[in-house]
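Here the protein sequences come in this chain order: X and Y. Once you know that position 36 of the first sequence is 36 in the numbering used here, the rest is easy, because the numbers rise by one and skip nothing. Just so we're on the same page, the numbering used here is the position in the second sequence counted from 1, plus 1000.
Quick caveat, the hints were computed from the structure, so don't treat them as lab data. Where is the CB? At the ideal position from N, CA and C, for every residue including glycine.
In silico SDA-like pairs for lysine to any residue, Cα to Cα no more than 25 Å straight-line:
hint, chain 1, residue 1, chain 2, residue 2
1, Y, LYS1012, Y, TYR1041
2, Y, LYS1046, Y, TYR1096
3, Y, LYS1046, X, ARG310
4, X, LYS295, X, HIS312
5, Y, LYS1090, X, TYR333
6, X, LYS335, Y, ASP1086
7, X, LYS297, X, GLY255
8, X, LYS335, Y, LYS1090
9, X, LYS335, Y, GLY1058
Derived contacts from chain X toward chain Y, CB cut-off under 10 Å, selection only:
hint, residue
10, ARG27
11, ILE45
12, ARG306
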Amino acid sequence: MVSNLTATAPQLKLTPLNNAHRQMGGRMVDFGGWDMPVQYPAGTIEEHLRTRTHAGLFDVSHMGEIDVRGPEAIAFVNGLTSNDVTKLVDGQAQYSALTTEKGTVIDDLLVYRLSADHLLLVVNASTTDKDWQWISSHHAGEAVELKNVSSDYCQLALQGPDAINILQKLTDLPLTEIKYYHFMTGKVDGIDSIVSRTGYTGEDGFEVYAAPQHAEQLWAKILDAGNLGADDGVLPCGLAARNTLRLEAGMALYGNDIDETTTLFEANLGWICKLDKGEFIGRDALAQQKAAGVKRKLVGFEVTDRGIARDHQDVVIDDQRVGTVTSGSPAPYLKRNIGLAYVPIEHANVGQEISIDVRGRLVRAQLVKTPFYKRPK
Amino acid sequence: MANVPEDLHYSKDHEWVRVEGDQAVIGITDYAQNSLGDVVYVELPKTGEEFAANEPFGSVESVKAVSEVFTPVAGSIVTINESLADEPEKVNSDPYGEGWMIRLKMANPGDVDSLLTAAEYEDFTKAESE
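Please take these sequences and the hints and turn them into a complete structure.
What follows is the structure in structure tokens.
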């Protein structure tokens, strides 16, 4: 009955924390070509709950980074992404998307403005090569220098209500002064870092970028500062908890909820789609879709029967298969079974009853507002 | 290391079988529950349903994944462990005790002869995790 126990193939890519994960008992899996911990001995549920109530530490060094430098850096990236890069100030980050001519999503990403002529793009691990090809193929004489710097960074995400106090023990940077989606550069435990108040869990928290040779030191020091081992201490968290945390927070996962077949408006990402900012790839298609209205929409649902909806299962309304679950999972903090699905726009209303085909059994569910979880202020 | 009680029979799909007269009690092994992670849902058949050997009788779900469970012996369901509906975590905490899944009346008690002994199962899991 257990099929996911395959030993690690040697050609998988490793983050600089691979040994640390193995030493801590991380269960390693092939995640898009990366050898990554899906969970540690505490288990996914405990990792998820600890992040909501105290703090969780995630190795996200597999994420890609692309450096864009030069006098036309902002204009160049603005032409490739849907959000408005000109609105950023130094020390600010922005959630955005690389879009196709059709307004569908090549990747979602963070755009960091280090200075007026220096941006750092942080992209998904499995799409880094594709993004790099796309971005560099659109470089046609603009005064920018592009560099895939993915292997120059480790990235650690410390998330949860205690994250700020833990990280503050290791840095003189005034963390309370870093606003959400802003960052500072400085030392963390003596190591040059970018410290960004961002994350993928729905909690307050930080993402720390540094040179990969310092990853093990940062990892160990943060766990130590977070009182690893105590009932209210930090826990190292795997990809399974990362997924359930982001789903409770209603955040889209590239490859599941958004991809090159889904447009930004269908995915409820109209808020990162600035049609009046000037020309960018996909703008015309997106403007047309906005005017005409979308035919389907990404919605949140909660299972009301016993049963768990899973990725790729069909959504059924009035005996018709009308859509697909793109993310479905138990929600460990909410203790409900939730998911995201595309449904036709005429059914995309909170309260709509749907069924989900769970391996041949129709399980009832109801559309609900997203995010499913919102942290207390 | 995973706990493998001496007195049970084991399948290569990681189920255990305890023979009690002409009945068999079936669950998943310690090794299996550990590999799955936190069990959050168990789907079991109804009393009276009949299964051939090696046929799936239900499923076990962790946060991350769904796995079918197979009956290593043929028979009809006498009872199921209804407490797993509300306390699926028993499969993790006590896989050979309170985490049992089904009790069936064996159609062919000889089915157990083809199953692994505790020692054989232990060797099998060692080989699988290498």
